[in-house]
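Visitor: Sequence:
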Amino acid sequence: MCNIGVGLRAEHYSYLEKNPPTNIKWFEVISENYMNSRGRPWDILKFIREKYPLAFHGVSLSIGSYDPLNLDYLEKLKYMIDVFDPFIVSDHLCWTGLPDSNFHNLLPVPYTDKSLNHIASKLDKIQSILGRPMVLENPTAYVDYKESTYTEWEFIKKLVEQTGCNILLDVNNVYVNSVNFNYDPKVYLDHIPKDKVVQIHLAGYTDMGDFLFDTHSKPVYPEVWDLFSYVIKDLKDVPVLLEWDDDIPAFPHLEEEALKAQKIWQRHHDR
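Numbering (my numbering), first residue to last: 1 to 271.
Simulated from the structure, these hints should not be mistaken for lab results. Please note that the accuracy of each hint is not assured.
[Said to hold, decoys possible] Okay, derived cross-link-like pairs now, DSS-like style, lysine-lysine, Cα gap no bigger than 30 Å in a straight line: (1) K196 x K158; (2) K186 x K51; (3) K78 x K260; (4) K260 x K46; (5) K18 x K51; (6) K46 x K78; (7) K157 x K46.
Given the sequences, and given the hints that come with them, work out the whole structure.
Guide: Rendered as structure tokens:
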């Protein structure tokens with residue numbers, strides 16, 4: 001069976017309390033949504049954790065920024081880890097702002113040796129504080145850097161080799177970037193160290209005309225399903241998440257979309 005999960009969203013709290021799904025095997029939560037809450041969100045998180053494994057997915061680690069580590073943030077994350085024991089703790093290979101200023105955007109990093117060494121140094125400290133390997137997601141990007149000397153997949157491979165971190169492979173992000181920057185997404189997937197991929201994300205994008213925008217507001221497009229089918233031939237036991245963060249549908253519709261991944265997975269592995 002494919003290990004299918006979905007994101008835990010407030011729009012579905014009441015439904016899930018009354019109708020815990022049996023086909024969905026785990027839930028992913030946005031870490032920051034629960035760090036400062038001890039009200040209903042926290043209670044729902046405890047309720048869900050009693051029934052399902054959890055994965056934590058952050059959006060504010062800002063691993064690529066040059067400001068000091070936010071120790072208060074890491075202490076709160078470590079507390080949540082100790083309470084809920086998630087099977088994965090992840091964030092994005094990006095930067096999100098400046099000291100005391102969060103841009104609330106996941107901004108790309110330059111793929112250079114300087115950036116690699118800086119991120120690796122921060123990542124070593126983060127993994128020491130959290131007491132576990134960190135999982136980093138390949139980002140979407142709408143600009144690139146002239147000074148980059150590596151492709152994205154080369155940079156990720158070197159970071160994995162240097163730090164021992166793991167990879168959250170967002171297949172939608174690979175496709176979006178391949179269109180925006182005109183490269184073959186299968187070349188990307190062929191060169192990612194698959195033994196370090198511990199989770200997959202699937203989502204929908206929005207076609208803006210001049211570029212694709214990673215909105216998580218639509219069903220998964222056929223091109224992304226095709227790439228998912230291509231890569232899972234080599235990824236037998238990796239948990240798969242269906243992301244839907246805007247224009248969120250009713251839970252049964254979300255579940256139906258997520259289970260499409262299971263059918264594709266079964267074509268390759270359930271023989």
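Visitor: State for each hint whether it applies.
Guide: Results for each hint:
Under the criterion of a C-alpha separation no larger than 30 Å, the hint pairing K196 with K158 is consistent with the structure, at around 12 Å. The hinted pair formed by K186 and K51 fails the criterion: a straight-line CA distance of about 37 Å is larger than 30 Å. The straight-line distance between the Cα atoms of K78 and K260 is roughly 34 Å, outside the 30 Å bound, and the hint therefore fails. With a C-alpha separation of about 28 Å, the suggested pairing of K260 with K46 holds against the 30 Å cut-off.
For the hint linking K18 to K51, the alpha-carbon distance of about 13 Å falls within 30 Å, and the restraint holds. Among the hinted pairs, K46 with K78 is consistent with the structure: their alpha-carbon atoms are about 16 Å apart, no more than 30 Å. Annotation: proposed proximity of K157 to K46 is violated, straight-line Cα distance about 36 Å (limit 30 Å).
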